[in-house]
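Engineer: Sequence:
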Amino acid sequence: MNIDFYREFIELARRLNYTEAAKALHITQPALSKHVAALEREFGAKLLFRDRRAVQLSEAGRILMGSALEIVDAYDRAQSAIAAVVKERPIRVDGILYDNTVSSIISLSTALLNDQHHVPILYEHHEGRSLLELLESDQIDMVFAYDEEKSLVEKGLVFRPLVQTPFVAVVDRDHPLAHRSELHMEDLANETFIQFVDEYSISGWRRIEQVCRAHGFEPKKRPRLGRAVTSYASTPPEGGVLMLQKDLRQLKFLEDINQTVSIPIADDDAHFIIYCIYKQGNERRLKLLLDALEESREIIIRHRRDAD
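Numbering of the sequence shown is given in full-length UniProt numbering, commencing with residue 1 and proceeding in unit increments.
Among these hints, one or two may not hold up.
[To be verified] With a straight-line Cα cutoff of 25 Å, these simulated DSS-like cross-link-like pairs (lysine-lysine) come out: (1) K279 - K155; (2) K279 - K246; (3) K46 - K34; (4) K287 - K150; (5) K221 - K246; (6) K155 - K287; (7) K23 - K150; (8) K150 - K220; (9) K252 - K287; (10) K252 - K221; (11) K23 - K34.
Keep in mind that the hints were calculated from the coordinates and are not lab data.
Modelling step: build the complete structure from the supplied sequences, incorporating the hints.
Structural biologist: Pasting the structure below:
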């Protein structure tokens, strides 16, 4: 059933003139005739009698006219009701929600949106599930995460920069590199990186791998179970390298409790990236939130620049 054919039939039945009906519908007369013929095949009955002088409804056509009005009205009411539900459905955001800068952006954007009428925004992390798969299956509307740009483009996803934070290498105080004031990625080519194995930290590991490869080596890794956001402060490097973000609040705690040092990485590309990722078709619905996130991001960047 094509609802537009019913709309066209109603217009034609009211005017009983193909030329006028086609003009009102902004289609050609041959197209209108073709659509009427499709309805006649669907119902197995002649709906209109047409000669050079006039167009008349058949008995079947009069029956369909009454039913078509009800069908189109019911369809339009259902469409309006569904649109209202979709419009008010919360915008669901998942991903790296506990990063210091991300948390600040979320807080500030929430404050900016308080003065505007908008659909509810739900920030919630789904433990142990692929973030991009959740996005692609429409179980969430937006992801704060990282993946290589090429991969995101191939998936047909839109991505905007949200956060960029420099790497620091956390090593034991007796590690051969512990005395250094800064490092380059090449200095870590023979080191073993601690890799947290969970969906939350996989974005960060993707970025670490990408930067290592850009500097000519494949990172050696020692997998560790446990969700990274709750494991940073309790995971000693034990001879390896923990690659963390420079602004992590727990760094000082790590240094005191685990007897470690945190060494900045000097390379320009040595930073974690978090994108705001979403589907192109959802952009209109997300516009208010996207604008608030961008404004919040700019405010925070400007504040940090002024502080430096």
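Engineer: Compare the structure with the hints numbered earlier in the document and write down the numbers of the violated ones, lowest to highest.
Structural biologist: Numbers 2, 7, 9, in rising order.
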